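*Asks:* So the sequences go chain by chain: A and B. Each step along the first sequence adds one to the number in my numbering, with nothing skipped, and position 37 is 66. Each step along the second sequence adds one to the number in my numbering, with nothing skipped, and position 130 is 131.
To be clear, the hints were calculated from the coordinates, so they are not data collected in a lab. Here the structure is a predicted model, which is why all the values come from computation and not from measurement. If a hint is listed, it holds; no wrong ones were tucked in.
Beyond 10 Å from chain B on every Cβ pair, some chain A residues (computed):
| hint | residue |
| --- | --- |
| 1 | V78 |
| 2 | E157 |
| 3 | E164 |
| 4 | D165 |
| 5 | F166 |
| 6 | A167 |
| 7 | R169 |
| 8 | G171 |
| 9 | Y173 |
| 10 | E186 |
| 11 | R201 |
| 12 | C202 |
Computed beta-carbon distance windows for the label pairs:
| hint | chain 1 | residue 1 | chain 2 | residue 2 | range |
| --- | --- | --- | --- | --- | --- |
| 13 | A | C202 | B | K434 | 48 to 56 Å |
| 14 | A | G46 | B | S518 | 43 to 51 Å |
| 15 | A | F61 | B | E9 | 26 to 34 Å |
| 16 | A | I69 | B | R206 | 45 to 53 Å |
| 17 | B | I96 | A | A194 | 44 to 52 Å |
| 18 | A | G46 | B | G347 | 18 to 26 Å |
| 19 | B | N196 | A | C202 | 47 to 55 Å |
| 20 | B | A66 | A | K141 | 32 to 40 Å |
| 21 | A | G46 | B | D232 | 54 to 62 Å |
| 22 | B | K275 | A | K141 | 46 to 54 Å |
| 23 | B | E441 | A | A194 | 58 to 66 Å |
| 24 | B | K434 | A | R169 | 47 to 55 Å |
| 25 | B | A66 | A | E79 | 53 to 61 Å |
| 26 | A | E79 | B | K434 | 56 to 64 Å |
All C-beta atoms in this analysis are idealised placements derived from N, C-alpha and C, irrespective of residue type, glycine included.
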Amino acid sequence: MEDYKFLFKVVLVGNAGVGKTCLVRRFTQGLFPPGQGATIGVDFMIKTVEVENEKIKLQIWDTAGQERFRSITQSYYRSAHALILVYDISSQPTFDCLPDWLREIEEYASNKVLRILVGNKIDREDREIPTHVGEDFAQRHGMYFLETSAKEAENVERLFMEIAAELMEQARCKELPRYEQNTTSINGKTTAIGDSNSCGCSRFT
Amino acid sequence: MEDDLPTEYDVIVVGTGMTESIVAAAASRIGKKVLHLDSNEYYGGLWATFNFDGLQKWMEDLKSAASENKDFKPDLQDGEQFLQASNQYSTIENIVEDWFISNDEDLPAVLAKNTQTESSEEPSGAEKVDDDKSDKKDTKHWSIDRIKKEYRRFNIDLAPKLLFARGELVELLISSNIARYAEFRAVSRVATCMNGKLTQVPCSRADVFANKTVSVIEKRMLMQLLTSCMDQGADSPEFDGYRDKPFVEYLNTKKLTPIVKHYVMQAIAMATDKTSCRDGVNNTKHFLNSLGRYGNTPFLWPMYGSGELPQCFCRLCAVFGGVYCLKRHLDGVVTSGDKCKAILSGKQRLTLEHLVVGQGHLPPEIVASTGENKISRGIFITDRSIMKGEKENLTLLYYPPEEAGQEAVTIIELGPLTNACPQGLFIVHMTCKRTKTAKEDLAYVVKKFLKAEKLEKNVSRTPTDSQTQTSIAGGESVSKDIESKNPDDENSNNTMPQVLWSLYLNLPASDIKLSESAPNNIHLCSGPDLNLDFDFAVNQAKEIFKSMYPDEDFLPRAPDPEEIILEGEEAPGPKFEGDNSNGENEKQDNEKAEKEE
Ligand SMILES: Nc1nc2c(ncn2[C@@H]2O[C@H](COP(=O)(O)OP(=O)(O)O)[C@@H](O)[C@H]2O)c(=O)[nH]1
Ligand SMILES: [Mg+2]
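Just chain A, with the same shape it has in the complex:
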């Protein structure tokens, strides 16, 4: 048996170029920038973290470029536990698109999914979105908020660790989005969520 107590699916969305892939790479591999072409064939990244002495496996899904022409598959949002909506603090248009993204999220993601708004690239000098504007937006839409820099590794670790901690807390209080436990994953891999011991959630078989 693999040694982890929780497995959570985290998905990233937001306009092309805001730094989603960099955030994932920074967190999972400590790299910036990710080399050209490296994303081909990369589906999701996995990192196991520790919160309060519990091992938590994060499965972090990137958009595979489908956001470029606004064509993310609905199935991408399925079974997500946390959703990170990213904009670029130096680009007003990426902020202006947030309502569109929220509409899509509303439509396809569970309404209990943990939502985090992230303003990325705070290392840049040419900021267009003041922190409080992002903060306000997040508050109005019931989202957590954080500003990051994938380049300088600012708040990236914290972003994912807080997600892990929050999801673990929710799992303990049974507030997580409940996905049907008796589904069949035909490749025989476990894509189970939650705690296989104390929560009574069974693993997919």
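Based on the hints, put chain B with the ligands in the right spot on chain A.
*Replies:* Leaving out everything else, chain B with the ligands in the frame of chain A:
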């Protein structure tokens, strides 16, 4: 967001139906530059699954699109010809939508609050999927407004299909490693209608022996017959002299009792009196082969609906660099001699080596026939299962024609555990070959199993059991004093599922053909076919891929994230050892892990 598309591709795929999506994934997987377009804002075309609102929008789009007709005057080079694409929706016909319940405002002002007799203890295994628990406490009145309000909790298929546990699609999903994008639920029972009553077909050996309606002698007979089908299939000498005769003629020689014959014909082989012995035996073999892999029937249903599956292939295509663009119309194709050179789309000229097109988009000039096997569909939201059960079931029922002129109807009933509908409701899908209109074709089966009449006021529905119970806002409910009806009285009006909403429509045939003169680098992808499973689409995709790239592998296994070595990384991440928890994945374990770069 408005940036133009890159303009040069190896393969351009138009339409995100099942076949198109598989081909797109396969081409991208071997490094071809793929552009995948769809004029809709959703994936799947006629294979799509919609929530209730999405389905309503889709129907509205049909109406408005029917009148649309743009004319194009493209800039062409010497020797080039322009063929305008056709309207994908022109082939959907006879849409009839009906409500059998009321709007909130038409209801009496005071609703009887508690029509529920649900026990406080939650039935195990019926855990609410995903959403809030609030409606457990809610009164269970279903009005038009409530269904519309809860639109997100419906997933309604245009073309519902099952997967045989050892069918082409399951094997492909596993071998390509695309299975990780999808989740499934096993169909929990195969039903059949015998002497006017629905019964569950014993599928597994254990089922057969637990079945009380079949005698020991019959059980032995059944096992014997099934064994001979299994061992050699239709080639077995057992079937000499019968292969091309009707399956039923062969069965008649076996002196089977009516019950056993019925099980074999109607549930296992899903045969009519016309089905050949060869087909009957092969169907039986297919059914038996798929038993025992995932659940107690041979079938799987994709969670959130069939429309998820094309998307899984699209995701893989994108992961390997395919470019995706929805809401992008194909205006037409540019041909020169016997080749298609480019497509025109949104003022751009996009060049290609191969064009893969869903049938709805083809220019009419290159279509030879519009096909024979058109499809009649009926979709129903109901308040209980067609067949009582101890738990929520996912049911397959094959219903052969009662008289000449009727077609066999495939019925799939989905409950909340599949995410098809909210708690308390069911979705019934009916599919058959079209002869008249969908409503006419399906009428005899609807009458048999569903109560499709406007729910009268002042009628309250007797709860059947806690799993299927609901009560409908058709009038004032006075449930406290309802005398309980005889629960065995299956066909009494009060235990038949009440239809809340229904939709009939006719879909185009899948067996359309390209004309001889069509450029040979245009590849046609069919829409949904009449078969229960996806094999037709998978096989078509394989053929198309092979004709484009005869020497290349078709969807070799994509690496798992932990197998990919990224540049700059010194050592691969830790291998996961806990993955092989149950013997299902022998296959991929043996396969060598691939490494990118
Ligand atoms: N200055 C700065 N540039 C960044 C940061 N994160 C990403 N980028 C750059 O933004 C561009 C797009 O990043 P990418 O991760 O591919 O964005 P994606 O399309 O959202 O996945 C790349 O050129 C990155 O180098 C950051 O935190 N600071
Ligand atoms: Mg990216």
